[in-house]
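Chain by chain, the residues:
Number of protein chains: 2
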Amino acid sequence: MAQKPSIPKGTRDFSPAEVAKRNYIFNTIRKHFECFGFQPIETPTFENSETLMGKYGEEGDRLIFKILNSGNFLYNKNKIELPSSIQELQTNSAETITLEQRIELNRFTSRISEKALRYDLTVPFARYVVQHQNEIEFPFKRYQIQPVWRADNPQKGRFREFYQCDADVVGSTSLWQEVELVQLYDAVFTDLGLKGVTIKINNRKILSGIAEVIGASDKLIDFTVALDKLDKIGEEGVKNEMLGKGISEEAIQKVQPLFGFNGTIAEKIEQLSSLLASSQEGLKGVEELKFICENVAEIGLQSAHLDLDVTLARGLNYYTGAIFEVAAPAGVAMGSIGGGGRYDDLTGIFGLKNMSGVGISFGLDRIYLVVEELGLFPETVTSTSKAIFLNFGETEARYAMKAIAKLRTEGVKVEMYPDQAKIGKQFQYADKRGIPYAVIVGGEEVENNRYTIKNLASAEQQTVTFEELLKLLK
Amino acid sequence: MAQKPSIPKGTRDFSPAEVAKRNYIFNTIRKHFECFGFQPIETPTFENSETLMGKYGEEGDRLIFKILNSGNFLYNKNKIELPSSIQELQTNSAETITLEQRIELNRFTSRISEKALRYDLTVPFARYVVQHQNEIEFPFKRYQIQPVWRADNPQKGRFREFYQCDADVVGSTSLWQEVELVQLYDAVFTDLGLKGVTIKINNRKILSGIAEVIGASDKLIDFTVALDKLDKIGEEGVKNEMLGKGISEEAIQKVQPLFGFNGTIAEKIEQLSSLLASSQEGLKGVEELKFICENVAEIGLQSAHLDLDVTLARGLNYYTGAIFEVAAPAGVAMGSIGGGGRYDDLTGIFGLKNMSGVGISFGLDRIYLVVEELGLFPETVTSTSKAIFLNFGETEARYAMKAIAKLRTEGVKVEMYPDQAKIGKQFQYADKRGIPYAVIVGGEEVENNRYTIKNLASAEQQTVTFEELLKLLK
Chain Z
1 MAQKPSIPKG
11 TRDFSPAEVA
21 KRNYIFNTIR
31 KHFECFGFQP
41 IETPTFENSE
51 TLMGKYGEEG
61 DRLIFKILNS
71 GNFLYNKNKI
81 ELPSSIQELQ
91 TNSAETITLE
101 QRIELNRFTS
111 RISEKALRYD
121 LTVPFARYVV
131 QHQNEIEFPF
141 KRYQIQPVWR
151 ADNPQKGRFR
161 EFYQCDADVV
171 GSTSLWQEVE
181 LVQLYDAVFT
191 DLGLKGVTIK
201 INNRKILSGI
211 AEVIGASDKL
221 IDFTVALDKL
231 DKIGEEGVKN
241 EMLGKGISEE
251 AIQKVQPLFG
261 FNGTIAEKIE
271 QLSSLLASSQ
281 EGLKGVEELK
291 FICENVAEIG
301 LQSAHLDLDV
311 TLARGLNYYT
321 GAIFEVAAPA
331 GVAMGSIGGG
341 GRYDDLTGIF
351 GLKNMSGVGI
361 SFGLDRIYLV
371 VEELGLFPET
381 VTSTSKAIFL
391 NFGETEARYA
401 MKAIAKLRTE
411 GVKVEMYPDQ
421 AKIGKQFQYA
431 DKRGIPYAVI
441 VGGEEVENNR
451 YTIKNLASAE
461 QQTVTFEELL
471 KLLK
Chain U
1 MAQKPSIPKG
11 TRDFSPAEVA
21 KRNYIFNTIR
31 KHFECFGFQP
41 IETPTFENSE
51 TLMGKYGEEG
61 DRLIFKILNS
71 GNFLYNKNKI
81 ELPSSIQELQ
91 TNSAETITLE
101 QRIELNRFTS
111 RISEKALRYD
121 LTVPFARYVV
131 QHQNEIEFPF
141 KRYQIQPVWR
151 ADNPQKGRFR
161 EFYQCDADVV
171 GSTSLWQEVE
181 LVQLYDAVFT
191 DLGLKGVTIK
201 INNRKILSGI
211 AEVIGASDKL
221 IDFTVALDKL
231 DKIGEEGVKN
241 EMLGKGISEE
251 AIQKVQPLFG
261 FNGTIAEKIE
271 QLSSLLASSQ
281 EGLKGVEELK
291 FICENVAEIG
301 LQSAHLDLDV
311 TLARGLNYYT
321 GAIFEVAAPA
331 GVAMGSIGGG
341 GRYDDLTGIF
351 GLKNMSGVGI
361 SFGLDRIYLV
371 VEELGLFPET
381 VTSTSKAIFL
391 NFGETEARYA
401 MKAIAKLRTE
411 GVKVEMYPDQ
421 AKIGKQFQYA
431 DKRGIPYAVI
441 VGGEEVENNR
451 YTIKNLASAE
461 QQTVTFEELL
471 KLLK
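Here the protein sequences come in this chain order: Z and U.
For what it's worth, full-length UniProt numbering labels the leading residue of the first sequence as 1, then goes sequentially.
For what it's worth, full-length UniProt numbering labels the leading residue of the second sequence as 1, then goes sequentially.
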């Protein structure tokens with residue numbers, strides 16, 4: 001193979017410094033997950049296709065990576081017909097394929113592929129809960145930090161392989177969970193030094209209430225998308241867009257208070273109460289929001305801000321209560337760095353009814369970019385060995401290795417340059433690796449049972465005993 | 001879906017306790033990898049098929065999991081013919097397929113699949129080194145802890161998804177690396193409490209030397225397999241097996257010393273020196289072994305034993321120098337729990353010549369079983385929350401949540417039972433979760449600003465201030 005090797009599009013290699021920084025974020029998230037009583041689980045990289053297919057809509061099904069069956073995957077005891085149009089399928093790209101051909105292709109796919117890569121962590125978690133329901137104590141607070149795969153078109157910041165970090169509770173409808181999840185976001189981002197994130201909260205029931213009041217459930221997305229532009233295009237602009245989308249003048253009038261929707265959370269809640277007075281579901285949503293926001297405020301957050309945002313409308317297909325989204329601190333241009341919500345029927349798809357769940361997710365890649373941009377990675381995160389022992393030949397190397405072995409049992413990260421190369425080359429290696437100290441052990445040091453340690457930044461050096469060396473490096 | 005969901009054969013779900021125990025082993029290995037100067041990298045879960053195919057032999061190619069192309073995978077601009085025997089392939093299982101059909105099937109497979117799951121960590125590492133050669137300082141000491149996938153038939157202890165933990169150095173032929181890798185095994189297993197493992201060492205060049213001496217390179221495997229049975233079937237038995245495999249009486253005579261091959265490593269090395277006197281390569285192997293074993297002995301190991309084992313013949317297709325294998329402590333019936341060796345041309349397959357590498361691997365699943373069997377997992381590994389606050393209603397819960405928030409900022413793992421359930425049920429939950437303390441905050445505690453903490457094992461309880469509570473739980 002003459003060509004320089006490469007990796008599939010949308011995937012990444014991670015260098016030592018990148019792994020160290022990513023692990024720093026993972027470890028911070030993991031620490032707080034555990035502090036809040038969440039327990040880790042892990043599920044297989046691939047699931048049976050039937051577990052995943054049909055759970056993410058038609059678009060999702062298309063984006064799931066499928067694994068070819070092993071052996072002769074064309075073999076079929078049941079003599080299912082091959083696609084009659086298989087020859088034609090060769091001439092039509094994915095874009096020009098007919099509906100009939102797509103159906104045949106899907107049937108053929110499911111014949112030659114029975115496993116697929118994890119697309120998110122939620123469906124495997126639901127499958128886990130149902131499969132292991134007799135071993136689990138409910139409410140079950142689980143966290144899961146694993147990669148997922150999507151055959152999306154890769155773009156800046158969007159990959160085909162990426163990690164999700166999820167914490168969910170199932171088996172309790174208590175709103176204290178929502179309170180804790182807000183605190184959990186606050187704890188993690190404060191610990192990462194990412195102070196001043198905004199945790200936006202909304203409630204699916206409030207959105208349903210608004211739809212009820214404007215008399216148009218099908219226009220809810222158009223409505224929130226338009227309302228979200230209030231800052232940019234002003235009240236008139238928003239109203240014109242709404243009218244353009246077929247929302248009536250009368251309906252807009254009914255929710256007029258949303259155009260001047262600001263003030264404290266308490267004030268917003270009061271406005272919502274009167275606005276949604278005619279919607280029972282809407283009022284239920286207001287009550288839930290009130291409980292969560294009041295308790296979060298009373299217990300207090302470390303550095304994050306909680307904000308009620310009625311335009312927050314993510315995950316409308318599955319969220320049934322609270323909806324969360326986290327925005328990076330002001331001044332950092334970045335989409336949401338976290339999101340979540342409550343879904344009342346997590347495990348119903350696998351036959352276990354009445355299992356309410358609520359959870360949040362941390363977007364590792366974006367958090368990484370923000371922490372990097374703000375220079376918040378501690379320097380120690382990427383530190384390699386504390387010292388490198390230079391190699392002056394076999395006898396000296398053996399003397400060095402004895403010291404190294406002792407230092408390592410004390411937990412000190414040290415290494416020896418493995419070859420008796422030119423000293424300049426060895427110093428250069430230490431420099432490029434970012435190792436702060438070099439230890440020089442030539443014939444004289446061996447004879448006197450000493451070590452010459454050189455600070456590579458200041459070029460200062462001193463000759464010391466082993467005990468002094470240990471003290472310096474520890 | 002009425003049927004209880006399941007996972008693909010050969011894969012596993014990991015429960016909270018299992019994840020905790022696995023992470024304990026991973027973290028121990030990672031700690032020592034880093035202490036020895038190894039740096040982490042991570043590579044994508046799937047590679048381009050051409051990166052993996054042909055690197056693991058015909059058997060390996062078959063066991064690689066292939067990912068179906070996205071979209072219309074049958075589409076082909078270049079109008080490559082479909083297998084003419086595609087209809088026949090439906091009637092032949094993988095076992096009865098003809099060679100011609102297999103070739104057609106492979107061609108078809110490579111048309112509809114261009115990516116494949118990582119099969120080991122060595123080939124992706126080689127690919128990484130070549131692709132990133134200009135960013136890497138050599139010698140490059142890297143470690144990698146990631147899962148790999150093989151379409152093997154699952155058996156007891158053999159899975160289709162499992163982790164590998166590898167540490168390798170590339171870009172140096174120094175034998176000090178081998179010395180360090182022996183010390184690294186010793187450090188990890190000592191830290192895991194797995195004292196008394198045997199690190200077996202051999203050298204590919206010694207095996208080549210033996211083959212040279214017996215005049216039959218092609219019989220080397222037969223020879224070592226037979227010799228390995230010496231303990232079980234005795235000298236006569238071994239010799240008969242060798243004769244049966246076509247190794248001549250004369251050849252056996254030449255290596256007679258191997259039948260009484262015991263004593264100290266120094267004695268064994270002396271025996272090998274005279275036995276392999278006529279083989280230049282064999283003597284080179286003896287010299288290498290001598291350097292490694294003498295230096296390991298002089299620097300000392302913490303608890304492991306190093307043993308020279310001339311029957312150790314793993315990885316003969318790629319190892320060119322030292323060969324390692326680790327056996328569990330005496331009394332534990334378990335195959336090797338680690339292995340490795342030196343390979344002189346790691347990156348040649350990707351066009352970068354003269355890049356010698358040496359590395360070792362830790363077998364997580366087997367180490368887990370041994371640590372479990374010997375009861376060596378520290379109890380703290382699986383500990384969940386330190387205390388659970390019982391839920392007596394909204395006012396009390398708010399009071400509890402304030403204490404919980406403060407305890408968590410002090411790093412104490414605590415949680416609250418989310419629902420106002422019957423107290424018996426809440427205690428039962430704490431018990432099943434293995435949480436050691438319950439904190440009771442009823443109306444009286446709230447009024448007096450106190451907390452009643454109950455040790456769930458001894459049933460002792462006391463009412464304390466927040467400061468005392470923190471002290472007790474920290």
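Treat the hints with caution; some may be incorrect.
Copies of one chain are not kept apart here, so a pair can be met inside one copy or by any two copies together.
[Said to hold, decoys possible] No more than 30 Å apart at the CA atoms, straight line, and that leaves these computed lysine-lysine pairs for DSS-like:
# : residue 1 : residue 2
1 : Lys239    : Lys406
2 : Lys284    : Lys425
3 : Lys284    : Lys55
4 : Lys239    : Lys386
These are computed hints drawn from the structure, not numbers from a lab.
Consistency of the hints with the structure:
1. Lys239 <-> Lys406: Neither: 74 Å inside a chain and 46 Å across chains, both beyond 30 Å.
2. Lys284 <-> Lys425: between (71 Å within a copy, 28 Å between copies)
3. Lys284 <-> Lys55: within (28 Å within a copy, 61 Å between copies)
4. Lys239 <-> Lys386: Answer is neither: 63 Å inside a copy and 54 Å across each miss the 30 Å cutoff.
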